[in-house]
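Trainee: Chain residues, written in single-letter form:
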Amino acid sequence: MSGLLLTSYYLVYRSFFAYTGIALIASGLLFYFGGTSMNRLVSMLSILLVVMPALDVIKYEGKSGYDKYVLTLPVNRRHIVQSHYLFYFLTVIYGALLSYAIFYIYGLVSNTPVDGILQIINFGTFIVLLTGAINYPLYYIFGPEKADSNAIGSVGGGIFVTFSTQGLIAYLSEQLVSSNLNIDPSLYVPIIYMLFGLIVYMISFFISVFIYLKKEF
Amino acid sequence: MANLLEIKNIGKSFGDKVVLKDVSFNVPSGSIVGFIGDNGAGKSTTFKIVLGLTSKDTGTVKIFDEEDINKHVKLKERIGVVFDAANLPAHLTIKQLNTVFKKMFDSWDQTKFYQLVQSFSLPIDKKVNKLSRGMSMKLSAAVALSHHAKLLMLDEATGGLDPSSREELLDELSEFVRDGKGAILLSSHIMSDVDRIASHLVFIKNGEILLNEEKNKVFKSYAIVDIDEKQLTLINKDIVVAKRNYGSYFSVLVSDKEELPNKIMPKPISMEEISVLLARSEK
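As they're listed, the protein sequences go chains A and B. Counting from 1, position 2 in the first sequence corresponds to residue 2 in our numbering; the numbering is continuous, with no gaps. Counting from 1, position 239 in the second sequence corresponds to residue 239 in our numbering; the numbering is continuous, with no gaps.
By construction, these hints were calculated from the structure, which means they are not laboratory data. This structure is a prediction, so every number in the text was calculated from the model and none was measured. Take these hints with a grain of salt, some might be off.
[Stated by the list, open to error] Here are the simulated DSS-like pairs of lysine-lysine, each with C-alpha atoms no more than 30 Å apart in a straight line:
| hint | chain 1 | residue 1 | chain 2 | residue 2 |
| --- | --- | --- | --- | --- |
| 1 | A | 214 | B | 112 |
| 2 | B | 56 | A | 214 |
| 3 | B | 103 | A | 63 |
| 4 | B | 112 | A | 63 |
| 5 | A | 215 | B | 205 |
| 6 | B | 71 | A | 214 |
| 7 | B | 243 | B | 220 |
| 8 | A | 146 | B | 17 |
| 9 | A | 146 | B | 267 |
[Claimed, not checked] Per the computed footprint, the stretches of chain A lying under chain B, defined by three or more beta-carbons under 8 Å from a beta-carbon of chain B, are:
| hint | stretch |
| --- | --- |
| 10 | 7 to 20 |
| 11 | 64 to 71 |
| 12 | 85 to 95 |
[Stated by the list, open to error] Covered by chain A, according to a simulated footprint, are these stretches of chain B (three or more residues, beta-carbon under 8 Å):
| hint | stretch |
| --- | --- |
| 13 | 48 to 54 |
| 14 | 90 to 97 |
In this text, a Cβ means the ideal position worked out from N, Cα and C, and glycines have one as well.
Isolated chain A (complex conformation) (with noise of 0.2 Å):
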């Protein structure tokens, strides 16, 4: 495992410096122009900028066929999705660092601290995660040929989910708040798309490993 995983990071890991720099150039244009109005937005597209040298990975390793030859290592077929689904949520928690780093340099520059950032991180990686987990199915089955416009749809899929979601989320924040559970209530709405999140991109995996098993090369 640990080897796939190398061989993810080594495929990218430049991507990865110049994704950070454009997230960090975009946000700071966003706060500049939109301020604090932009908060989720500067959360969401750091998050997504930095992940997506991971959603290229699987892209690259099928151009280069790879992806044929790996199945001839001493690995078996579910390590392999599994590497794909760690080393992306790996980069969805260096992306949400990120995106908190962001907020605190912001708050402490502009002197005006921003509210709810666990909120609204949260929120941006709900969508990353879902980006994900849209993303790997639809890889497995539709392959390399097709892996931009998955990556496309998957952001697109994302951000209709987490947006057409988000009454559901505020009715259960509603009725963890009437439950008394003996949790600050403005860690409501975070937990809840942090766990919805995660149970999603699980869900994402199992599948992943059933097509995956199944996949002739």
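With chain A held as given, fit chain B onto it using these hints.
Mentor: Coordinates of chain B only, in the frame set by chain A:
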């Protein structure tokens, strides 16, 4: 001699198209089996089935006496594979590949890898996608030879190599089987390569095995004869391996020249001639 690879009666179809029909052959230890056939004959599909990349419809494949390689992942430590393209991760340098494979293979031999990289004159800081086809094929071969594999499966591995690199690779392959413990399944279009290093010949056409024999026996007992229709009737059908109709005469590959009628004189045979005759033969 134990078989490192046993293929028995495998069949495969894609929709209505039958690509493999009852394919059977073995790869004994110490042998280099030349797997010959035209494009689309079924060589690559056979490779993919053996390596578990594609499922088979019928038959069995045993590698090191085990069926279903996907359930015995550790067996892959002992198999080195080279496809007809490098198929290595394109953006990695040779140095990074070494680091990755060190983590993937318990038996990765870094010293051997760098020794091969040096002898093949490969630049260690260059990315795989910046290497020429010949260089990337040599790199692929170096990887296959660097984890103490016992079975090498090479699908058109010598294609695209310049003559001196091919010579170098063929020497490595001959060395690989010298101790009698390893074995190689080598598919190639380059008959001189097969002729030079193979100990066994397996010829496939339209998904069917037409010839499966030790090379020495082929050159000792087999013969090609050019004969007319009347002479053809005199030959025992059991020894006819393949025949090709040239209109005024037939070219026939027979498996035992001693059984030919006295009046029919066999021609000296070459790998190239056998290969062309088998590829163009009729039923």
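Trainee: Compare the structure with each hint and give your call.
Mentor: Status of the hints after comparison with the structure:
At roughly 36 Å between alpha-carbon atoms, residue 214/A and residue 112/B are farther apart than 30 Å, so this suggested pair is violated. For a cut-off of 30 Å, the pair hint linking residue 56/B to residue 214/A stands: about 12 Å separates their Cα positions. Under the criterion of a C-alpha separation no larger than 30 Å, the hint pairing residue 103/B with residue 63/A is consistent with the structure, at around 23 Å. With a C-alpha separation of about 29 Å, the suggested pair residue 112/B and residue 63/A falls inside the 30 Å cut-off, and the hint holds.
Only pairs whose Cα atoms come within 30 Å are accepted, and residue 215/A paired with residue 205/B is accepted, the gap being roughly 27 Å. For the proposed pair residue 71/B and residue 214/A, the alpha carbon gap of about 14 Å is at most 30 Å, so the pair holds. For the hint linking residue 243/B to residue 220/B, the alpha-carbon distance of about 19 Å falls within 30 Å, and the restraint holds. Between residue 146/A and residue 17/B the alpha-carbon distance is near 26 Å, which keeps this suggested pair within the 30 Å criterion.
The hinted pair formed by residue 146/A and residue 267/B fails the criterion: a straight-line CA distance of about 55 Å is larger than 30 Å. Beta-carbon proximity to chain B at under 8 Å applies to 4 residues in the stretch 7 to 20 of chain A; the threshold of 3 is reached and the given coverage holds. Closer than 8 Å: that is the beta-carbon criterion, and the stretch 64 to 71 of chain A has 6 residues meeting it against chain B, so the requirement of 3 holds. Counting residues of the stretch 85 to 95 of chain A whose CB falls under 8 Å from any CB of chain B gives 0; the rule of at least 3 is not met.
Against chain A, the stretch 48 to 54 of chain B contributes 5 residues with a C-beta closer than 8 Å to a partner C-beta. That satisfies the three-residue criterion, and the hint holds. Counting residues of the stretch 90 to 97 of chain B whose CB falls under 8 Å from any CB of chain A gives 4; the rule of at least 3 is met.
The structure is inconsistent with the numbered hints 1, 9, 12, although it conforms to all the rest.
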